[in-house]
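Asks: One-letter residues, chain by chain:
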Amino acid sequence: MAISHKEKGMSYVLSSKDLLGLKDISKEEIELILSTAEAMKEILFRDIKKVPTLRGKSMVCLFYEPSTRTRTSFELAGKYLSADTVNISTSTSSVVKGESLRDTGRTIEAMGIDLVVIRHSCAGAPHMLAQEISASVINAGDGMHEHPTQALLDMFTIKEKKGRIEGLEVAIIGDILHSRVARSNIWGLKKMGANIRICGPMPLIPPNISDLGVRVCSSVEEAVEGADVVNVLRIQRERQDKGFFPSLREYAKIYGIDKEKLKGAKEDVLVIHPGPVNRGVEITSEVIESSCAAIEEQVTNGVAVRMALMYLLLQGGAKNEAAD
Amino acid sequence: MALKEKAKIMTAEKMARTLRRIAHEIVEKNSDIENLVLVGIRRRGVPLAERLAEHIRLIEGVQIPLGMLDITMYRDDLETKSCNPEINKSEINFSIEGKRVVLVDDVLYTGRTVRAALDALIDFGRPSAVQLAVLIDRGHREIPIRADYVGKNVPTSRNEVISVKVKEIDGVDEVIIKEKIPD
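Just so you know, the sequences run in chain order S and G.
Per the numbering used here, the first sequence starts with residue 96, numbered consecutively.
Per the numbering used here, the second sequence starts with residue 968, numbered consecutively.
One chain only, chain S, in its complex shape:
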């Protein structure tokens, strides 16, 4: 029988009403989220995919940037837990009439919402909203800052496939500069004890990134050498107008992950990708379809991780009190 958190003297609560990023949460909190997600995943494979846990709770997905998988994942996670979910896509809301984020937040709070899931192009927008309202806030991606739920589902996938995170060699390949996924992954994985190497075109490697405790590699081959996990980032075409690299074709040739480049990795290397995939650019179809990739499973795990977070943030009364 697995040792429970109680026996390890661990608390069952997150320290904040919000999940804004992985930079400021503890290793124990990450472990709590991941172990709760394990129980949530079982629900996804039932005939009846619904439990009454969050009955009577309501949540809003407030997305100022386009998204299919993250928004749908949050919405389904809420529905599987019996919460009522509403979507606001800003292109059809009062935001186009000039309503500020603060006012939008207060308005939906006045309607009795318990949780706001927000994606915004400005770094720090979720943090500002979290201070403004008493409902819980989950950051679903803010600018080039953090995307904590993606990093949590990546870590969940790694833990599930490898049995642990501590001591693993993880390579993160691609556009680190614009990637909130990379930043959240680096903060989270470091806390869990993994070693991280990063690699990408030099203009897309932020200066001082090694301050976060990662090794910057000059070639993909070097980064992949002996890696347990390769996390391939999406080339964000919408953010490449400044000519960070000459062409997609050249990028694919030098940084695109194919079977050949994976040869130096551990034999049982795990390849993950946050999606959506640009096939043939940052990763080849051959790798995507191979047994070392877990891209679809990441999507499934994403729902489980978000269910776990909603449960931990919305259920239970006053925080900081001891368990019964």
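I should point out that these hints are in silico values taken from the structure, not numbers from a laboratory.
Treat the hints with care, as some may be off.
As the list claims (entries may be wrong) - Restricting the straight-line Cα-Cα distance to at most 20 angstroms, the calculated cross-link-like pairs of lysine to aspartate or glutamate (DMTMM-like) are:
(1) S:174 x G:1090
(2) S:144 x G:1086
(3) S:145 x G:1058
(4) S:145 x G:1053
(5) S:145 x G:1086
(6) S:144 x G:1064
(7) S:174 x G:1086
(8) S:254 x S:264
(9) S:174 x G:972
(10) S:144 x G:999
(11) S:112 x G:1046
(12) G:1056 x S:142
(13) S:348 x S:381
(14) S:136 x G:1053
(15) S:122 x G:1053
(16) G:1056 x S:126
(17) S:112 x S:123
(18) S:144 x G:1058
(19) S:145 x G:1090
(20) S:145 x G:1043
(21) S:122 x S:133
(22) S:145 x G:1027
(23) S:286 x S:126
(24) S:145 x G:1135
(25) G:1056 x S:124
(26) S:136 x G:1086
(27) S:112 x G:1053
Since this is a predicted model, take the numbers as computed values, not measurements.
With the hints as your guide, set chain G onto chain S.
Replies: Leaving out everything else, chain G in the frame of chain S:
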């Protein structure tokens, strides 16, 4: 709130004998043993269910399918808890459709855990019958639920706590009655 130990109401030997007796009762009441499954309620119902299954195997020579149920997500008191209860996985790796399910738990008290367990169980399918086996029934029901198999009836006051310990989790088999003392 401190707890003071009042009395040991069941020793390891007594517990073993009690479980053997319950196993016999289960077999007696369910003649179509092929349709019988046991589901333990996490956490201490699970090792108790495992032992009942072992006794039934010794009596009837049949290995009964065994599942475990985590009822946290079905509790009606989540809101009032000061803290999120830990959630564990439910594992029922067989169909309960049309089966006779015996739910197993350590203590029957208000009945609310069993109510939650019934909701949780029914999300896995429609059993033909559900029965309840508990090691200790301490009374004070708040909803109309009763056990089909009871190890020991223990009249208690609400000020007391029944602590069931099992080897697999606590390293020892015993049942102790404790009393809450205000600080």
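Asks: Is the Cα-Cα distance between residue 144 of chain S and residue 999 of chain G 20 angstroms or less?
Replies: violated (31 angstroms)
Asks: Does the structure keep residue 145 of chain S and residue 1043 of chain G at a Cα separation of 20 angstroms or less?
Replies: Holds. Residue 145 of chain S to residue 1043 of chain G sits at ~16 angstroms (cutoff 20 angstroms).
Asks: Run the distance test for residue 1056 of chain G versus residue 126 of chain S: straight-line Cα separation, threshold 20 angstroms.
Replies: Holds - the C-alpha atoms of residue 126 of chain S and residue 1056 of chain G are around 15 angstroms apart, at most 20 angstroms.
Asks: Hey, residue 145 of chain S versus residue 1027 of chain G, does the alpha-carbon distance stay inside 20 angstroms?
Replies: violated (37 angstroms)
Asks: Going straight from one Cα to the other, do residue 174 of chain S and residue 1090 of chain G come out at no more than 20 angstroms?
Replies: Roughly 15 angstroms between the alpha carbons, so the hint for residue 174 of chain S and residue 1090 of chain G holds.
Asks: So if I understand the rule, the pair passes when the alpha-carbon distance is 20 angstroms or less; does residue 174 of chain S with residue 1086 of chain G pass?
Replies: holds (18 angstroms)
Asks: Would the pair residue 136 of chain S and residue 1053 of chain G pass a check requiring their Cα atoms to be no farther apart than 20 angstroms?
Replies: Satisfied, since the Cα-Cα distance of roughly 15 angstroms is no more than 20 angstroms.
Asks: For the pair we were handed, residue 145 of chain S and residue 1058 of chain G, check the Cα-Cα distance against 20 angstroms.
Replies: Holds, at about 16 angstroms.
Asks: Is the straight-line distance between the alpha-carbon of residue 144 of chain S and that of residue 1064 of chain G 20 angstroms or less?
Replies: Given pair residue 144 of chain S, residue 1064 of chain G holds - Cα atoms ~17 angstroms apart, limit 20 angstroms.
Asks: For the pair supplied as a hint, residue 112 of chain S and residue 123 of chain S, is the alpha-carbon distance within the 20 angstroms limit?
Replies: holds (16 angstroms)
Asks: Is residue 144 of chain S within 20 angstroms of residue 1086 of chain G, Cα to Cα?
Replies: holds (13 angstroms)
Asks: Take a quick look at whether residue 144 of chain S and residue 1058 of chain G sit within 20 angstroms of each other, Cα to Cα.
Replies: holds (15 angstroms)
Of the numbered hints stated above, those contradicted by the structure are hints 9, 10, 22 and 24, listed in ascending order.
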